[in-house]
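Chain A is fixed; fit chain B onto it per the hints.
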Amino acid sequence: MSVADSARSSAPADLARQPVRRFLARVLVSDHPFPWLFPATAMILAFGIYPLVYSIWLSLHEWNRFTRSFSFVGGEQWAKALTDPRMWHALGVTTTYTVVCLAVELALGLGIALLLDRDRRGYGVLRGLMTLPLVVPPAVTGLMFLLMLDGQFGVLTYYGVMLGILERAQPLLGHTSFALFGVMLADVWQWTPFMVLIFLAGLRALPKDPFEAAAIDGANAFQIFWRLTVPMLGRVAAVAILIRAIDLFRIYDYVYVMTGGGPGTATEVLSFYAGRIFTTGNFSYAATISLITLVVLIVVANLFIRLFRVRF
Amino acid sequence: MREEIAVASVALRNIVKRFGVHPVLHGINLEIPDGAFVVLLGPSGCGKSTLLRMIAGLEEISGGDVLIGGEVVNGRRPRDRNIAMVFQNYSLYAHMSVFENMAFSMRLRHCAKDEIERKVRWAASILGMESYLGRYPRQLSGGQRQRVAMGRALVRDPEVFLFDEPLSNLDAQLRVAMRTEIKALHQRLGTTSIYVTHDQIEAMTMADQIVVMRDGKVEQLGAPMDIYERPANIFVASFVGAPAMNLLRGRIEGDDGGPVFAAEGGGRWPLPREVAARRGQSVVYGIRPEDLALSSEAESTEATISLLETTGPELHIYAQAGGAAICGIIRERLDAKPGQVIRLRPQIDRIHLFDAATGGAL
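Sequence order for the protein chains is A and B.
If you're matching positions, the first sequence starts at 1 in this note's numbering and goes up one per residue.
If you're matching positions, the second sequence starts at 1001 in this note's numbering and goes up one per residue.
Hint data in this document are derived by calculation from the structure and do not stem from the laboratory.
Among the clues, some could well be false.
[Unchecked claim] Taking lysine to aspartate or glutamate and the EDC-like style, the derived pairs with C-alpha atoms no more than 20 angstroms apart in a straight line are:
id: 1; chain 1: B; residue 1: Lys1337; chain 2: B; residue 2: Asp1355
id: 2; chain 1: A; residue 1: Lys208; chain 2: B; residue 2: Asp1171
id: 3; chain 1: A; residue 1: Lys208; chain 2: B; residue 2: Glu1059
id: 4; chain 1: B; residue 1: Lys1183; chain 2: B; residue 2: Asp1171
With the rest of the complex left out, here is chain A (with noise of 0.2 angstroms):
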């Protein structure tokens, strides 16, 4: 018998002795569409489906302290939340935070995007060092801008004195009406760059003939980029604000390590606001918090996909 003769007749063998590789070779050639569904269904139930079905009957129930149990309480958590001033105040910060991060990346992004959109040498290295941000953790752009606004030894601070826009007495983090917008700088800083990309992504799959065509119309610079450009990166414009609209709002690490949510409740966004309540034990009313964020979100993308006509 050849070496290839014992081959053939040992595989079958070989396969009856080890019961998982002839569970896999049958599973790998089903028709059945189980198999094949069956992993991304698992993950979806245990990651995405559990924790929010399990949230919803968090903020149905309350934990009650003495019998050490959860009891029903129906909307109870609800109505308190929607007449708290605090979490809407907690709402109003989120949204103020969204809008005008948003705002800023967005026009920064599609500024620099549009410088770096060329092919001359130096230009690729320039837009490989603009991921730079986007690889440090975030703990740590908080952390790094924490002390870059420093009172005593920020070099924000420092600058932000000079020009005469910040006091050294008062820093821009302890500031009740500005400190937001300190947290607001990290997350620029760190996120511009995602805009950047998306934005030279688009601006490098724009057709190059309707910019011709326009330059013999007759278009200037300015009548290509406002009619031609800007409408042709509108949906690469939609879906970028979408997921950085979504990202933004539901912020929580630069509060906590900047400012953690002060001075008194001035940075306190909706999820630090709800992480709060979760560290006193109350999990149904942190459920609840949680869930009005996923509410507006729902509600707020929904709106926006309708209105824009975003397409995936």
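Below, chain B without anything else, positioned relative to chain A:
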């Protein structure tokens, strides 16, 4: 409605184009009179589109001058050259309606609303697009999009129309239809037009003058039939005409009956009594397929049929004659099969001779 149309001549003086250190156009000289329809014809990569883009101002000029209406326009921006261009991929503004696409240039010039309306409707009526003005480019077929691109060019009132392979994205039927439309439009407006194509049928059917280009140089300039009947060299002879001209390498030999062409593979082909080549000279013998006829005469050339193609009115015969592949087109019925031996006779006054060394016509 009749519109006043401005026309201008175009002249190219020693135009050179280099991409980095690589020259792609080597000193092109061309005079295009007012109102002419000139076709730049050549294979891909010969520099015809680059030349057109230089006239449009979309490509920098490395050397020489472009003159429109007698004025050097080298330094002028595309929008200041009073030209209109129709691109291969239509180049429509996808987010604008057909009306807005056509009105775009006039809006930029801050034209009055009623003038824009009148002009767009005039262009749309010429192109049969009146009922599509509210649609978006994505809702149109390829032919309709090309019409919008032409409409956009029309409303500009240009002195010169530039067409960069405008029909190459259309199917065969539509291409023929649009070809006729463009030609009819030119006859109606009389605007100087420069049209780039690699399709020699387009060139032959549309042009007043054809400029045949190869490797950044003009190979021949002339009226379509001049180019077809008197090609300046082997390249033009083989590029213009489909099926291409039969070109056989060999030498001139003489006998008592006059000069004869002896092909390298062994076939012998007749020549007129007077030829511009000496006995023994290496030449390329050219004969167009339609200038070959079936014959029963002894002095005609023997050929073995390898393939027969019927187009309806014509029969294309592909055959081997003395080791060389040749093609003949006949309009009569022939009951023959591949492998069968036939005799072919060229029309003696339609024979072309080229110098084998230089490739130039003799």
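- Task: Output the numbers, in ascending order, of every earlier hint that fails for this structure.
- Result: 1, 2
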